[in-house]
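Enquirer: Okay, here's what each chain looks like letter by letter:
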Amino acid sequence: MSAKQILATLMMALALVATGSLAQAADMPENVSLDTLGKLFDGVEFDHAMHTDLGEDCSACHHHTTGTGTTDERCVSCHADSNEVASVGCGSCHVADPFSADQINRKALNLYQYHVDMPGLKAAYHWNCVSCHEAMGGPTGCQDCHTRTSEGDTFYRADASDTSTSGKSNH
Amino acid sequence: MSGISRRRFLAASVAGCAATTLAGPKKALAAGSFTGYSDSMGVLVDLTRCIGCRSCEAACNKEQNLPAPDRPFDDKSVFDETFHGGKQKRRPDENAYTVVNRYNPEGSDHPLYRKVQCNHCNEPACLSSCFVNAYTKTKEGAVVYNSKVCVGCRNCMIACPFNIPGYSYSSAFDPVVKKCIFCHETRLKNGLPPACVDICPQEALTFGKRRELLKIGNQRIQTHPGRYVDHIYGEKELGGTSWMYLSSVPFEEVGFDPNPGNEPIINNVKDFLGTVPMVLAIWPAMFTGFHLLAKKREGHDDHDQDADQHHGEEGGEQ
Chain A
285 MSAKQILATL MMALALVATG SLAQAADMPE NVSLDTLGKL FDGVEFDHAM
335 HTDLGEDCSA CHHHTTGTGT TDERCVSCHA DSNEVASVGC GSCHVADPFS
385 ADQINRKALN LYQYHVDMPG LKAAYHWNCV SCHEAMGGPT GCQDCHTRTS
435 EGDTFYRADA SDTSTSGKSN H
Chain B
14 MSGISRRRFL AASVAGCAAT TLAGPKKALA AGSFTGYSDS MGVLVDLTRC
64 IGCRSCEAAC NKEQNLPAPD RPFDDKSVFD ETFHGGKQKR RPDENAYTVV
114 NRYNPEGSDH PLYRKVQCNH CNEPACLSSC FVNAYTKTKE GAVVYNSKVC
164 VGCRNCMIAC PFNIPGYSYS SAFDPVVKKC IFCHETRLKN GLPPACVDIC
214 PQEALTFGKR RELLKIGNQR IQTHPGRYVD HIYGEKELGG TSWMYLSSVP
264 FEEVGFDPNP GNEPIINNVK DFLGTVPMVL AIWPAMFTGF HLLAKKREGH
314 DDHDQDADQH HGEEGGEQ
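Protein sequence lines, in the order shown, are assigned to chains A and B.
Okay, so the first sequence: first residue is 285 according to the numbering used here, each after it adds one.
Okay, so the second sequence: first residue is 14 according to the numbering used here, each after it adds one.
Next up, chain A with everything else stripped away, as it sits in the complex (with noise of 0.2 Å):
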């Protein structure tokens, strides 16, 4: 094999690389609407650029889905090499109700042996951005991420104040 030769091999490897990151990155979401869930506080737009521009590996938050491994040692003995998925959106494993009847008699059956135990898509979405957020110096407030609606302001009882006394006890 000549130089030339090998320089084209390499050209070409390169080329395949970077059609394959550019094809990934095309499919990847400037931003994502997480808003499927939320009655008492609005949806978040989530500036997904944003984040992945920090620098961060996918499985970060994809785990095993994006066809990038992980190196999570309790995922890598099956996921090491796993494939990109069709859907790789957090509703595609994070079920929206987890304690449903029907979810749990699934649990009881057994078919999950290591994902037994998988959150469902509310819990998912504040362990990831939540933890992150606490190890990066990123906003944690409930209210840093989604505002509270008039429902909600209702629901935590905004107007009550300390002058009302209703008979608490808590002794």
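It should be emphasised that the hints constitute simulated quantities derived from the structure, not laboratory data.
A virtual CB, placed ideally from N, CA and C, is assigned to each residue, including glycine.
Honestly, I wouldn't trust all of these hints.
Derived lysine-lysine pairs resembling BS3-like cross-links, with alpha carbons at most 25 Å apart [to be verified]:
1) A:K323 / B:K89
2) B:K100 / A:K323
3) B:K100 / B:K89
4) B:K75 / B:K89
Here chain B is said to cover these stretches of chain A; the calculated rule only asks that three of the stretch's residues, wherever they fall, bring their Cβ under 8 Å from a Cβ of chain B [what the hints assert, rightly or not]:
5) 377-387
6) 401-412
Since the structure of chain A is provided, determine the placement of chain B on it from the hints.
Expert: Using the frame of chain A, we list chain B on its own:
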């Protein structure tokens, strides 16, 4: 006449003993061996996940139509409230069936929060102590009560090892006991999780079949070495509870009684109560016997006075 009485007395005593020895142990075995309905539900509270947002308190308030709180549910200053000279943190009462308390365990760089509510014991002490039978342990796992028959005696408040039942002191004419009922009427019996579980943003509360929750709890302890104390509080405590806890620090540091024992509260009085049928069966026979014997002696005394007259008839008995 008196010979037959003695025989009757002995026969009755033997029968009484036999009845109690046969019936007594059977009851004693039944009480204290109930470990919950097989498909009953429960909640696993993971203290490592709770962030103290108090949303569960707000959800409970709404679901159970409880009165407005003194302060909004997102007010964190309630964590500083203490009672009885600072010794006791908040506890559930007639206006709040669940409360979250904050703890700062030694050596931990962040606070831990513990949600308190009825733990829905497999063998509830409140139920055992209630003489009007207001309490029921449902097949879904909830400990519910019928406030229509509650006479407000507050025995259950004294019996509860977790200090849970509250009392409607504010009601002058019809004060009754109030506590968490696992949202049994509105949710649990329809296959839905309680309101507090539904609202929790952190899934600090995991709802499921109690036996599955035990597996999940043990799996968490196993897959996260160092995160948890190797114990599920409520798996065995006091005969087992439907609500159970995982913690990262020893349980006594977050307000739990570290060693309440694994025996249900009723076992403390079971042996004593087991003697009640014996007393009921034997004492009447025994004292009737004593009475008859005493009567007989009285009779002899009478006869002794008339010994001269009746000597020939009574001679054999002397």
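Enquirer: Given the proposed pairing of K323 of chain A with K89 of chain B, does the C-alpha separation stay at or below 25 Å?
Expert: Answer holds: K323 of chain A to K89 of chain B is near 22 Å, not above 25 Å.
Enquirer: Is K100 of chain B within 25 Å of K89 of chain B, Cα to Cα?
Expert: holds (19 Å)
Enquirer: For the pair we were handed, K75 of chain B and K89 of chain B, check the Cα-Cα distance against 25 Å.
Expert: With a Cα-Cα distance of about 19 Å, the restraint between K75 of chain B and K89 of chain B holds, given a limit of 25 Å.
Enquirer: Decide if the proposed pair is consistent with the structure: K100 of chain B and K323 of chain A, CA atoms, cutoff 25 Å inclusive.
Expert: violated (39 Å)
Enquirer: The segment 401-412 of chain A covered by chain B? Criterion: 3 or more residues, Cβ-Cβ distance below 8 Å.
Expert: Holds, because 7 residues of the segment 401-412 of chain A bring their Cβ atoms closer than 8 Å to Cβ atoms of chain B.
Enquirer: Please check whether the segment 377-387 of chain A has three or more residues whose CB lies within less than 8 Å of a CB on chain B.
Expert: Check passed, 4 qualifying residues.
The structure does not agree with numbered hint 2 stated previously, though it agrees with all others.
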